[in-house]
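Chains as they are written, first to last, in numbering that gives the first Met the number 0: chain Z, 0 to 373; chain U, 0 to 643.
Treat the hints with care, since some could be wrong.
[As the list claims (entries may be wrong)] Cross-link-like lysine-lysine pairs, in silico, PhoX-like; alpha carbons within 25 Å at most:
hint: 1; chain 1: Z; residue 1: Lys368; chain 2: U; residue 2: Lys232
hint: 2; chain 1: U; residue 1: Lys232; chain 2: U; residue 2: Lys216
hint: 3; chain 1: Z; residue 1: Lys298; chain 2: U; residue 2: Lys232
[To be verified] The calculated label-pair distances, taken between Cβ atoms and stated as ranges, are:
hint: 4; chain 1: Z; residue 1: Phe250; chain 2: U; residue 2: Glu238; range: 56 to 64 Å
hint: 5; chain 1: Z; residue 1: Lys298; chain 2: U; residue 2: Asn7; range: 18 to 26 Å
hint: 6; chain 1: Z; residue 1: Gly194; chain 2: U; residue 2: Arg17; range: 16 to 24 Å
Derived by calculation from the structure, the hints in this document are not laboratory data.
Since we're looking at a predicted model, the values are computed, not measured.
Just so you know, even glycine gets a beta-carbon here, dropped at the ideal spot from N, CA and C.
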Amino acid sequence: MFRARSIQSSLSIKDKILSIDYILVISIFILGLTSIIAMYSTDGGELKYHTKSHILRFFVFFIMFLTLSFIQIRFWHSQSYLIYFLFFILLLGVKYFGLTSSGSKRWLDLYFMNLQPSELMKIGLILFLAKYYHRTSIDNLNRIRYLFLPVVVLIAPIILVATQPDLGTALLIAAGGLTVAWLAGVRVKFFAISGFAFLALLPVAISFLKPYQKSRILTFLNPERDPLGAGYQIIQSKIAIGSGGLFGKGFLQGSQSYLDYLPEKHTDFIFTLFSEEFGFFGSLFILFLYAIIVWRIIKIGNVTRSNFGKLFCYGFGTAFFMYVVVNMMMVLGLLPIVGSPLPIMSYGGSSMMAIMLGLGIVMSCKVYKDTPVN
Amino acid sequence: MLSPSSGNTVIKSKLIGRRMFLLTAAKAIVTFGIIGRLVSLQINERTKYKTLSDKNRFREWKLAPERGVIRDFYDKEIASNQQVYQVHLIPENSKDIEKLFVRLKTILNITEKKLFYLRRVIAKQKPWEPIIVSDNITWSEFSRLNLFLHELEGVKPIVSVARMYPDNSSAHILGYVSQVSAKDLQTKEYLKDLHVPGMSIGKTGLERKLDEEIIGKIGFQRYEVNAYGKRIKQILINEGQAGKSFKTTLDFEVQKFTSELIKDKAAAVCVMDVYNGDIVSIVSSPTFEPNEFVHGLDKNYWNSLIKNEMKPLTNKAIAGLYPPGSTIKTLVALSALENGVIKPLDTFKCEGKIELYGEKFHCWEKDGHGIVNLRKGIQRSCDVYFYEVARKLGVDRLSETAKKFGLGKKVLNGFIEERAGVVPNTKWKKKFIGQNWYLGETLHSGIGQGYFQSTPLQLCLMTAQIANGGFEIKPRIIFDKKNNNLREYIKYKNENPNDPLPTDLLVSNFELKPLFKNQEHINLIKDAMFSSSNEPGGTSYRHRWENKKFTFAGKTGSSQIKRFTEAQREAEVKQESLPYKDRDHALFVAYAPYNDPKYAISVLVEHGGSGGKAAAPIAKKVIKKVLERHELRKRIDSLLGEQV
């Protein structure tokens, strides 16, 4: 314990700055610039509201990410539960004071921005469970008594988010939480049992689905079912990506998005727009950047000494990967349209904030990789 | 406390590491899955999606081409185009179609029925496709529309061109244009890629015959449109191509003159150049107003046309079938001469009637013509003489000659309304009526009655071919420089102004095919026709021209509608006292001038009585008119000829 403290105290500012993972920082920065180019294109080649506000958000949260990198890993560990509860209270706040837009209540009006607490909860849950499983000994891990709390902290926000309704985010929150639990060593049989329970409850759950959600799932199974209605998005998105070909139609030349055939081009379908304008190689470029980011996050998980750090990095890295993959599979017509943004690329402050917060904690794990957390 | 806990931590680390490895493997698989999908969409299927994207992006609006113009021989437009004012409507640009209709009704003259039709069209087609509310509004309506345009969202005033006929004298031969019908689209191959809503196509006459070339090539405007169908920018405009214009052989002046002459009768007149077959005039009466068809026909007008018993919609010159009557006697005589059945000076005695095969055959002259030879037979149109000739000749040899001279077949190419008529013979009767030929029928055929059916155009052609010395010509109505090079002809004429054209020159220059065995026979017929018109006792003697310049040689004819009863014959009932429908058709064929034939003419007057009384006076006037314009025509002809 003494030795650990001495290591920590021996870190000079220079050491800290040098120990940052520059590959990760640069990849994020390049991705950010790419996202600005894409956003500029969605505005029809003019510096309009979406582009301006996206640039502002990216730089504000990028600086936040760099700043958070130097916060002690101990702080994140000690405040994990508090952060989770803070986010949970915000989620509750949405239920009572939230803003309603196109039929769902997801945002809190903070005057300078509309905050979407469900995005933050993606990080909050991973943080909570990382700490919980860090503290739980391997012997107790699979005792029913010790499963009780994780199930509660998992289920509670999911129910809140799912009833907003925001099925996509709810599923992604759950995915992050379950990943951490599984990584920590919770036995597969519990996942199997809950999986069966989930299947058993599925008919009940479906009865709670809104008609448009049901139609989205049916549409995914057969997009031609209603080509002008619910299937329209998938069809138009596939046309846009496919027509991009190898090299794309060129910057600002994406006719599908330019002529409004592509829905939600700022947010969920930003990859489609990029893919149409820059083609197969453009798509590979984006995929490559995301692969590097995920690889660096996992790499940091490997080098960080504490299990809290490992669990968070692995959990967040996997969740990050899932956000990317779910979004891409959605626009490529491999998953139903559930509404999930592409990290950093998509327009949206809360998503950007949550991702940068997660990346900040990851970077903190790198800077203080040898610091024990308790 | 520290050491077990740290041991525990290490085990846990390893467990986490192991599970993370599994997860990473899963991630790699998913990543490759996504790349695979990108390959399939962006590489393998890129052409398909490119097409789909373009289909989204571009939308084409077709533009109706301008129809070609039809001119007469002197380059006067006889079917031209005029500016028309139209009202188009793009449904998607209007917020409330019903409100718009109410507003439009106060500005334009639109019936409820039209609105009903428009609603049906709107429901059927895409909202961005324009519909034509009205295709011909007056200038005052058009200016009023422009005045209120700001209240009429979606309405577009358009200045377009439409067919216009300056005169209705040529209505039948020109035909008319009208809206494309569903049936036209099915049956006409060339309309498949050509159809634009509101486009007119030729329905009859020349307009129909020339439709494929005269209609032009369609143009289009390609626009980039957004997801809501709004035009963003014009990508391409193809003006299309105006249709080909045509010059005809018709003389508009003669058309008008002739049309005026016969306007109160159900009649037809045909005038043809005897050397090249150019139709100078072809008129049918009563005529109709072709302009009425261009912008949707008024129902009352249509009914009046349909109910008129003079059948104004029929082109009697090419679609009216009439027994040729005595006009066929020229061919009967010719056939008999050619086949050596009679000699020109052989005589028969006409006593007004003969009895053959147990049947009485009457001559139109009740008291008979006395001793008759060929020349007198034609001059007086003696029926008994021709009964005798026909009896000796037989119907099969007669039909052979008649067919050679253009009877019984269509002689003008590409006119759907043209009819072939009938040249009867024994085989024909067996085939179409299923009976054997009676000898008595040969006698009827010999004076152009019975089964004989011909059009005025065929009779004109027949006369022209006799007039030119017995050479085959093909009637033409589209001006054609070929066979029209009269340089040699003019040269010869300048050197030998008074001689007729030698046969070899005719044959080589006009590719004429002789229809005779001995041209002397033709000359005999021509001479007999001269006597019929210009010697006392001739059937059209009263209507001759003394002036050598206009002297014509003709043959009268009247085709019987109803058989005269013995009682009527005894009472000498006059044609004029019969009910209109029972009167004979009056026919007259001629060529002029006699000493140097240039034109042939045929005149038909339905229920006009005798040819000499009803048809010959008309022919007389038309012949003068045509010959007066001959110098002018030849001047243009030689000018055009020089260019070859």
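Starting from the hint 56 to 64 Å, judge whether the C-beta atoms of Phe250 of chain Z and Glu238 of chain U obey it. violated (34 Å)
Holds or violated: Lys368 of chain Z and Lys232 of chain U, Cα atoms, limit 25 Å. Outside the cut-off at roughly 59 Å; violated.
Pair hint Lys298 of chain Z and Lys232 of chain U, alpha-carbon separation not exceeding 25 Å: Since the Cα atoms of Lys298 of chain Z and Lys232 of chain U sit roughly 51 Å apart, the hinted pair is violated (cutoff 25 Å).
Taken at face value, is the distance from the CA of Lys216 of chain U to the CA of Lys232 of chain U at most 25 Å? Distance of about 24 Å is within 25 Å: holds.
Cβ distance range 18 to 26 Å for Lys298 of chain Z and Asn7 of chain U, holds or violated: holds (25 Å)
Range agreement (Cβ of Arg17 of chain U with Cβ of Gly194 of chain Z, hint 16 to 24 Å): holds (21 Å)
Checked against the numbered hints given earlier, the structure breaks hints 1, 3, 4 and satisfies all the rest.
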